[in-house]
Structures are given as structure tokens and as C-alpha cells.
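> Construct the complete structure from the given sequences, taking the supplied hints into account.
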Amino acid sequence: MNDENIAPNEEQEKSIEETLPIGIARLRKEWREAGLVERPLPPAEHEKIEPVLFPEIDGGAGIGDYTLDVDKVRDRLVLSQEAMDRLVDSGEIDSVLVQGPDGTPRRLVSESSFQRFQEDSAIDPDALKRAAKAMADQTVAESIDEMRAEIEELRSAQSRMLQQMKDILLLEVRNLKEQDRDLTSFVYELAEEIRRALPKKRK
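Each residue of the sequence shown is one higher than the last, beginning at 6 in the working numbering.
FYI, nobody ran anything at the bench for these hints, they're computed from the structure. Misleading hints may appear alongside valid ones.
Cβ-Cβ distance ranges computed for the label pairs, FRET-style [to be verified]: (1) R160 with D107: 52 to 60 Å; (2) D76 with K34: 29 to 37 Å; (3) E35 with V83: 20 to 28 Å; (4) D76 with A146: 29 to 37 Å; (5) Q168 with D76: 57 to 65 Å; (6) S164 with F191: 47 to 55 Å.
Note that CB positions come from ideal geometry on N, CA and C, so glycine has one too.
Okay, structure coming up:
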């Protein structure tokens with residue numbers, strides 16, 4: 006019976022660690038190797054507890070060390086909403102709920118907890134921003150290069166089309182000139198035939 010309970014717990018623990026940041030997973034591994042095994046919470050402690058709602062002070066300045074808006078922290082860490090919620094719910098990042106002047110609750114993150122999480126997980130938000138900016142710049146540069154190539158191809162196609170139209174016009178003009186010469190020659194020949202056909206005037 007105990008073996009049956011251990012196997013699912015190990016699978017669940019493995020699944021949880023796969024979703025954790027590398028730094029946090031490394032720390033947990035070091036704790037286990039040092040004999041600091043985490044004890045599972047009693048079932049009663051897993052029950053949902055209503056969060057404490059603190060009144061916001063100083064017009065939104067935060068409460069003590071809790072000054073960072075959770076959405077801004079998520080953006081700085083470049084995490085999904087689900088990943089951020091998991092970090093907050095598990096306590097990896099310390100936060101509190103505060104009630105704004107309009108009565109709407111919002112979550113503020115502890116600045117020291119956020120910095121500690123960055124150090125433990127070896128996350129550099131500035132590096133992530135630089136990488137994202139580099140990718141964006143590269144994408145823009147590639148788009149510009151593609152547009153330039155398309156413009157050059159369009160210009161080349163237009164040049165070929167204009168040259169073809171020019172050649173056609175020159176050919177038509179040449180044909181008209183030849184037809185004009187043929188018509189002039191025909192008129193002269195016809196006039197000569199008429200002249201020969203008419204009786205000569207008597208002197």
C-alpha cells in the first residue's frame with residue numbers, strides 16, 4: 006500500500022520540478038543531497054485559505070518592501086501568466102494583496118524576494134530584453150531586406166516590360182516607315198502607268 010502511494014508522489018514531484026526554473030530545481034536537488042528532504046504538508050494544510058487584503062497606503066506607494074506590481078514582474082522575467090501564478094502560489098516569490106482606492110485588489114511583489122529569486126534562478130531580465138530586442142531588430146532587418154529584394158525585383162520586371170514596349174514601338178514605327186515607302190512607291194508607279202496609258206497631247 007505504501008509503495009503504491011510513493012510512486013505517484015515521486016511522479017508528481019518529478020513533474021513539479023520539470024516546471025520549476027533551473028536555479029530553483031538545482032537548490033532543491035542540493036537540499037535533498039544534504040538530507041534536507043521536504044515533508045509533505047498534512048491534508049488540512051492544503052485547504053484553500055482566504056488571502057489577507059491589505060489597505061493600500063500613500064496613493065499606491067506599496068506596503069513596506071512590497072512595491073512591485075506582479076504584472077510588471079512577470080514582464081521583466083518574461084514568464085507566462087501560468088508560470089507567474091505558480092511561483093506566487095508556491096511562495097517562490099513573496100507577495101501580498103492590497104486594496105486600491107477604488108476597492109479593486111491587486112498583487113504586489115516583495116522587491117527583496119524578487120531579487121533573491123533572480124539570483125537563485127540565474128535569470129537576467131536585462132539579458133532577456135536584449136535578446137528579445139536583438140531578435141526583433143533581426144526580424145525588422147530581415148523584413149527590410151526582403152522588401153528591398155522585392156522592390157529590386159519589381160524594378161527589374163518594370164524595366165524589362167518597358168524595354169519590351171520600347172522594342173514593340175520601334176518595330177511598329179519601322180513597319181509604318183516601310184509601309185509609307187511602299188505606299189509612296191506604289192503611288193509613283195500608279196501615276197507612271199496612268200501617264201503612259203493616257204494619250205499624248207498633240208502639239
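> Does each hint fit the structure? Answer for all of them.
These are the hints, each one checked on the structure:
1. R160 with D107: 52 to 60 Å: Because 58 Å falls inside the window, the suggested range holds.
2. D76 with K34: 29 to 37 Å: Given range 29 to 37 Å: holds, Cβ gap about 31 Å.
3. E35 with V83: 20 to 28 Å: Roughly 26 Å apart at Cβ, these two residues keep to the hinted range, so it holds.
4. D76 with A146: 29 to 37 Å: Given about 31 Å between the Cβ atoms, the range holds.
5. Q168 with D76: 57 to 65 Å: Once the Cβ atoms are compared, 59 Å apart, the range 57 to 65 Å for D76 and Q168 holds.
6. S164 with F191: 47 to 55 Å: violated (40 Å)
In this structure, the one hint that does not hold is number 6.
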